[in-house]
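Enquirer: Residue numbers (our numbering), protein chains in the order written: chain A, 1 to 320; chain B, 1 to 320.
Honestly, the hints are just simulated from the structure, not real lab data.
Backbone N, C-alpha and C define an ideal beta-carbon position, used for all residues, glycine too.
Accuracy of the hints is not assured; some may be wrong.
[Stated by the list, open to error] If the Cβ cut is set under 8 Å, some of the chain B residues that face chain A in the computed set are:
1) V24
2) I28
3) V51
4) G116
5) G121
6) D234
7) P237
8) D240
9) D283
10) R285
Protein chains: 2
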Amino acid sequence: MAEQLGEFDLIERIRRRLGAQADVVLGIGDDAAIVTPLPDRQLVVGTDTLVKGVHYPVETAAADVGWKALAVNLSDLAAMAARPRWVTLALTRPEADAAWLDDFLDGFLALAVAHGVALVGGDTTRGPEGITVTAFGSVPADQALRRDAARLGDDLWVTGTLGDAALALQHWRETGRIENDMLAARLNRPTPRVAFGLALRGIAHAAIDVSDGLLADAGHIARASSLGIELQADALPMSDDLAALPSLARQGLQLAGGDDYELCFSAPVAKASQVQSAAEACDVRVTRIGRVVDSAGIRVLGPGGQVLSLSEQGYRHFAS
Amino acid sequence: MAEQLGEFDLIERIRRRLGAQADVVLGIGDDAAIVTPLPDRQLVVGTDTLVKGVHYPVETAAADVGWKALAVNLSDLAAMAARPRWVTLALTRPEADAAWLDDFLDGFLALAVAHGVALVGGDTTRGPEGITVTAFGSVPADQALRRDAARLGDDLWVTGTLGDAALALQHWRETGRIENDMLAARLNRPTPRVAFGLALRGIAHAAIDVSDGLLADAGHIARASSLGIELQADALPMSDDLAALPSLARQGLQLAGGDDYELCFSAPVAKASQVQSAAEACDVRVTRIGRVVDSAGIRVLGPGGQVLSLSEQGYRHFAS
Chain A
1 MAEQLGEFDL IERIRRRLGA QADVVLGIGD DAAIVTPLPD RQLVVGTDTL VKGVHYPVET
61 AAADVGWKAL AVNLSDLAAM AARPRWVTLA LTRPEADAAW LDDFLDGFLA LAVAHGVALV
121 GGDTTRGPEG ITVTAFGSVP ADQALRRDAA RLGDDLWVTG TLGDAALALQ HWRETGRIEN
181 DMLAARLNRP TPRVAFGLAL RGIAHAAIDV SDGLLADAGH IARASSLGIE LQADALPMSD
241 DLAALPSLAR QGLQLAGGDD YELCFSAPVA KASQVQSAAE ACDVRVTRIG RVVDSAGIRV
301 LGPGGQVLSL SEQGYRHFAS
Chain B
1 MAEQLGEFDL IERIRRRLGA QADVVLGIGD DAAIVTPLPD RQLVVGTDTL VKGVHYPVET
61 AAADVGWKAL AVNLSDLAAM AARPRWVTLA LTRPEADAAW LDDFLDGFLA LAVAHGVALV
121 GGDTTRGPEG ITVTAFGSVP ADQALRRDAA RLGDDLWVTG TLGDAALALQ HWRETGRIEN
181 DMLAARLNRP TPRVAFGLAL RGIAHAAIDV SDGLLADAGH IARASSLGIE LQADALPMSD
241 DLAALPSLAR QGLQLAGGDD YELCFSAPVA KASQVQSAAE ACDVRVTRIG RVVDSAGIRV
301 LGPGGQVLSL SEQGYRHFAS
């Protein structure tokens with residue numbers, strides 16, 4: 001029988017695995033944590049919840065759940081060009097078995113350590129499995145990359161490849177498993193583009209992370225900036241696995257699949273080479289996929305410049 | 001049929017109800033929020049989750065759920081003597097009906113406005129109902145009230161009355177409802193002792209909010225401070241409704257009932273009159289209920305000084 005933990009044992013089990021960090025005055029174990037913000041920095045705060053069976057397949061390994069719960073939040077900070085510093089973890093589980101928790105922490109803390117992020121507090125509760133992480137980053141005043149800062153004529157770029165996680169999810173839905181390791185990793189272990197987000201300070205105008213699908217997320221930039229976006233369908237980056245699909249299926253995944261956690265950003269045409277250099281320095285693939293235009297909305301252009309029509313609109317929670 | 005909202009409509013519906021606050025650079029609607037910490041202040045961060053049916057009865061009105069989700073978090077900041085400034089809200093619901101959301105926000109925002117707290121971001125997801133709030137406060141360096149700062153000989157104090165919320169919950173468990181309005185309010189609309197927590201800066205040594213029951217929470221102070229605590233059973237403050245109960249039932253609720261959200265704190269004997277003055281200034285009842293002693297653990301003393309034995313240990317999540 002699995003070892004069951006009381007709430008306080010559980011918190012202690014988490015605390016034992018954490019290291020010290022100079023800017024953490026008081027970590028896990030009090031009513032709240034105390035941290036020291038950097039002087040002259042703004043504080044960037046994002047929160048994302050993952051619900052079992054909604055945001056990840058119920059069979060997902062605990063370590064992957066831990067990784068992903070943190071990754072999606074670091075991705076939000078990356079899209080703001082913020083440097084991640086602290087996170088809190090609110091973990092709800094039907095039961096608190098030690099083995100699951102240890103595995104969860106393996107994934108969560110591996111990513112936290114890689115980014116120098118301290119887990120400073122949280123809550124553990126009993127209930128249907130869900131994880132809410134709140135992530136805190138810092139950014140110098142006016143250097144954050146906002147959705148509403150795109151400018152007419154900007155190039156639109158995206159990191160990595162699009163649609164892999166959605167393809168993995170499709171495999172899982174059809175067969176109950178994901179045999180392709182690359183695709184499984186893209187779904188379960190997304191890579192938040194933190195270093196590249198920081199490198200885009202002073203280069204990019206607007207940025208967002210692609211979590212709901214490119215169309216939906218590029219749409220947020222367009223709407224917030226009161227502009228439009230034209231995407232070149234043939235320019236959308238793809239993995240070899242996606243390239244093997246028929247083009248309609250492939251483009252559906254690239255445009256409307258969720259869970260990519262790549263950065264989509266706009267930058268002046270004159271800074272294209274700086275974008276490329278930053279990407280090389282960060283070992284991140286980056287692709288120019290379109291441009292910011294005057295007419296509202298998102299248009300997807302085919303190879304001859306014709307406007308393609310798409311019915312899919314990206315993944316929406318609470319879709320009616 | 002109830003009006004159903006998409007995620008973006010839902011976020012927009014929340015955003016429309018929020019005012020501006022000078023230290024909020026960018027609120028709801030981007031990947032993350034941007035706020036400006038006060039210079040020379042430490043940042044205090046607490047997170048608490050409420051799960052439907054675990055932390056509140058399933059029949060609880062949406063407005064009460066909203067109030068309580070914020071109140072329990074402000075209570076954590078109060079126990080640190082931190083001034084609340086911003087909160088994020090991660091809301092998970094099986095469906096997103098507009099009427100429920102509006103009622104939830106009525107309760108949540110009424111309390112937020114009362115404390116000058118800005119809702120700056122969050123997440124809305126589909127799943128079993130649960131709410132995670134992360135609250136941010138500020139405190140000058142070294143003025144936070146920590147659990148580990150009690151000193152030998154300190155008086156132990158508590159605000160308000162104890163056991164009312166637990167009695168309300170008992171009524172609900174036995175009859176499916178709570179007819180007594182005062183008790184219902186104590187369960188559903190707890191009052192975070194924010195102003196009094198701030199007033200305790202420089203007076204109290206250690207503080208905690210009473211959420212899991214006095215024995216458990218005073219036990220946290222004792223353990224963290226490597227000391228013990230003696231409680232006077234007859235000194236524990238009670239409402240008229242609790243006073244009407246047989247003493248054993250009453251003391252069980254006062255000592256082990258959860259959800260009080262009162263502050264329990266230790267202060268030097270010489271500062272008793274300052275504690276009283278601060279309480280009067282804040283219009284908060286305060287009662288001296290024991291003292292900090294050398295021998296580890298919590299002892300409850302009867303009227304003749306005899307040690308009472310208690311089996312209840314307060315409410316614990318994941319209790320095995």
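Enquirer: Does each hint hold? Answer for all of them.
Expert: Here is what the structure says about each hint:
{"no.": "1", "hint": "V24", "verdict": "violated, 10 Å"}
{"no.": "2", "hint": "I28", "verdict": "violated, 11 Å"}
{"no.": "3", "hint": "V51", "verdict": "holds, 3 Å"}
{"no.": "4", "hint": "G116", "verdict": "violated, 17 Å"}
{"no.": "5", "hint": "G121", "verdict": "holds, 6 Å"}
{"no.": "6", "hint": "D234", "verdict": "violated, 28 Å"}
{"no.": "7", "hint": "P237", "verdict": "violated, 21 Å"}
{"no.": "8", "hint": "D240", "verdict": "violated, 29 Å"}
{"no.": "9", "hint": "D283", "verdict": "violated, 23 Å"}
{"no.": "10", "hint": "R285", "verdict": "violated, 21 Å"}
The structure fails hints 1, 2, 4, 6, 7, 8, 9, 10 (numbered hints given earlier, in ascending order).
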